[in-house]
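Chains A and B supply the protein sequences, listed in that same order.
Position one of the first sequence corresponds to residue 1 (our numbering), numbered consecutively onward.
Position one of the second sequence corresponds to residue 1 (our numbering), numbered consecutively onward.
It is worth saying that the hints were derived from the structure and are not from the lab.
Note that CB positions come from ideal geometry on N, CA and C, so glycine has one too.
Careful, some of the hints might be misleading.
[Said to hold, decoys possible] Listed next, the stretches of chain B that the computed footprint assigns to chain A, with coverage defined by at least 3 CB atoms under 8 Å from CB atoms of chain A:
(1) 67-81
(2) 85-96
(3) 104-114
[As the list claims (entries may be wrong)] Subject to a maximum C-alpha distance of 27 Å in a straight line, what follows is the list of computed DSSO-like cross-link-like pairs (lysine-lysine):
(4) Lys192/A to Lys167/B
(5) Lys192/A to Lys96/B
(6) Lys96/B to Lys165/A
(7) Lys189/A to Lys174/B
(8) Lys192/A to Lys174/B
(9) Lys110/B to Lys165/A
(10) Lys189/A to Lys167/B
(11) Lys189/A to Lys96/B
(12) Lys170/A to Lys106/B
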Amino acid sequence: MKIDVRTKMLIAAIFSLLALIYHQVPILASLLLLNILVLVLFRVPLKVGGGLKTLLMMYGTLTFLQSLFVKSGEPLLIVGNMYLLTTDGLYYGISVILRFAILLMSGLLLMRCPVNDLLVALAKMKLPYEIVFMVLLGIRFMPMMAGEIQTTLNHVQLRGVNLRKVYKKKVIRVYLSILLPLVYSIWQKAEKLTILLELRGFRRYETREYYREIAMGKADYLIMGLTICLTVSFVYISKMYW
Amino acid sequence: MSYIVLENVDYTYPDRTEPAVRSLNLVLKKGEKIALTGLNGSGKSTLAKIMLGFLKPQRGRVLLDGCPLDRYTLPEIGARLGFVSQDPGQMIFNLKVSNEIAFGLKWQGKSREETDELTGRYLRRFDLWHLRDENPFNLSEGQKQMVVICAILALAPDFLILDEPTKNIDTSRKRDLLKALRYICNQGTGIIVVSHDREFVASWGGRNIQLTNGEVVAR
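For reference, chain B alone in the conformation it holds in the complex (with noise of 0.2 Å):
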């Protein structure tokens, strides 16, 4: 079943006379693997950003879940499409991970009992126990980048999206992020790897988009 779909999507950003995203077609299924690969500039970020209603398109529309993306609030889209961007350190709204955790539930009106219980497994679960009493600004990159996944994790979204996951990261935060994917993609949530880097998406697997220049050139 399709979940986000694009239809003729056109993308010029105000500054550029140059199209970021031409033409675009592209569907995507209920709990899909998805890599979106490309060069630097080739338009997967401002993709991503279009999908999220950050940036809305000249041309074309977007559905999610069957419906006009402009008819959803951000919070609703939040609800459905969780978001990790590429600096992790812009998303961490808490100076304690657990509270890291437990910050969306609680927007969501979610009670104590089951803000707790929901913040304990989720950080069992991703191994990030022994730092619920951390400040997350103090913590490595890939830690903050995994305490940002399953804040957002938390929340229970259908699709994940990740912007340049392994910007940051060496080879063995790497392996872990890959497990962890792999991990939250075999429990039904759909999950769009954006990256250029090969290798990491060579071992992601999934359904590859390749962009240039805005278009998507394989899929």
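If we strip away everything but chain A, and leave its shape as in the complex, we get (with noise of 0.2 Å):
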């Protein structure tokens, strides 16, 4: 069964919405679950990349230090007079994890549909065509840009530097000295596709036909109708017990 983009940009949509809302770890907990069930649902492979997981290691040290400096709560670790750590501080720590891992989540369950599906939905939802366009190829033009950043610390490291000694002392000298090549050669890069897309009749007209259809189909409405009964149960029964 084809479920149409929009229906999982909706829940997408509801599981970020009601992550940013809610602060309380068991609602976010559970939240989190059940995302994770969308996705075991629809077939989407829970795989993280190695990308990914140094962000969301970088996230759980940026958590932690924050957590470090959140003093009210029962103190957990105490150095001299100081509270490094306390159970509000945690709290706040695991919270800001679950809000991460449930919008990583989201965005898992849209990653995994196809570009010009994702173009069509948001042209039909009569977002401006160049807009959807213009993000689209930004994401499209990530991992590229990734490889391009390896490249330069690459042969900027082959020229001399050695950036595990240098960062102390001479850190925007070597910074300024990476940008130039990769501000140059994204700027080449940007310049080329501007030409090729307007060679291609990229806005000539006013409107733009697309060939590929998406259509909702009663799956569709029905996953729809009940996603929002469960989001309005789940607020409900929330607001309840938390």
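Dock chain to chain to rebuild the complex, using the hints, since each chain is given by itself in its own frame.
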């Protein structure tokens, strides 16, 4: 059974919105479990790549650091006269991690959708085509940009810059050196892309024809209705208990 | 004396099933003049990246100057092997040609006088003196390439690896490049030209290592 991309968009939007509204750990944990359940039902592989793993680790570290500055609650870690970690700090950290995980999982639901389907769906929702196209193009270019950054880092190191040693002393100089070829390359690619797009008729006419058709079926309306009902119930139950 | 040694090297890109380079054995001597040839996707650039330590082979080992490559840091590899990529614009880190030549020298810890002396010497030797105050990003592709080659040679590497050096240049620039490369080779620097430009490779001469589907078919 093929589910329309707009149905997935609605589910992802609801999960993201709820994750931003609530901060209580039990609610966020239940939301995360429901989100994972949805991904399993939609057969989305729960595979987190190397880049995302690094991002999660960074986020975990940041959360821990933030939790160190929350002074309310019972102390858990004391060094001298200083409270390094409190129960409230830990609670806050867990809540931030859960929130981030829900946003990530909601993103996963859409990341598996064909880009063209997303494009048509957004256009059918009356969003300006130019903006939709640019956003999607940006997403598609992200892995390429990561590759460019790595190449530049390799080149700068081959020219004698030891990144491990110079970070503290000449950090601005190093970053400027790295930024220069990166900006040049991005600029060049953007310029080429603009020419190629215009040569192929981008924005030549007022309207654009879409050959790809997406249509919502009975299953989509059923899932959308069910999602809204479940959301209302979830909000009601959470209000009763927390 | 062998300088770069590859023993039974295999490399497969993470998103592929077929290896880009398979069971590769190669010995390159100091000061050698080499052409690494093959069709697109034959593994030439992958091999160059393995030699430079950008890619780590899943099997086999690479020795540089008698030591395993993974014992070196990238700046240490850069002091021995100079690399000029297909897109020289990716390797420019300054807004003035003379600063570009001086860039690596400064990071090597050379004094101001020494850096100025070497920068001037290399700019004159490669006929770039008149461009010393220009913005390298505004130069033609051929000129950019010469600036990058000059900047790397100023660091006195033992080998210079050029990836598709004729990709963006015309016939006249190709002749200039050949002249410059022959001069560098005569000074004792080994050169590896990675190219599928048959005409250029024939003019370049040297030992021809031909790759097909990641394997050496002629050397």
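### Task
Decide if the proposed pair is consistent with the structure: lysine 192/A and lysine 167/B, CA atoms, cutoff 27 Å inclusive.
Since the Cα atoms of lysine 192/A and lysine 167/B sit roughly 17 Å apart, the hinted pair holds (cutoff 27 Å).
### Query
the region 67-81 of chain B covered by chain A? Criterion: 3 or more residues, Cβ-Cβ distance below 8 Å.
holds (count 7)
### Message
Hint check: lysine 170/A vs lysine 106/B, CA-CA at most 27 Å. Holds or violated?
### Response
Holds, because 12 Å separates the two Cα atoms, which is no more than 27 Å.
#### Entry: Coverage of the region 104-114 of chain B by chain A, judged on three or more residues with CB within 8 Å
holds (count 3)
### Task
Sort out whether lysine 96/B lies within 27 Å of lysine 189/A, counting only the CA atoms.
With a Cα-Cα distance of about 22 Å, the restraint between lysine 189/A and lysine 96/B holds, given a limit of 27 Å.
### Pairwise hint evaluation, lysine 165/A against lysine 96/B, where the allowed Cα distance is 27 Å at most
holds (26 Å)
### Query
Within the assertion that chain A covers the region 85-96 of chain B, do at least three residues meet a Cβ-to-Cβ distance smaller than 8 Å?
Check passed, 9 qualifying residues.
### Query
Holds or violated: are the alpha carbons of lysine 189/A and lysine 167/B at most 27 Å from each other?
holds (17 Å)
### Query
When you check the alpha-carbon spacing of lysine 110/B and lysine 165/A, does it fall within 27 Å?
holds (17 Å)
#### Entry: Given hint lysine 174/B paired with lysine 189/A - CA-CA distance at most 27 Å
Holds, at about 25 Å.
### Query
Is lysine 192/A close enough to lysine 96/B, meaning Cα to Cα at most 27 Å?
holds (25 Å)
### Query
Are the Cα positions of lysine 192/A and lysine 174/B separated by 27 Å at most?
holds (25 Å)
In this structure, every one of the numbered hints holds.
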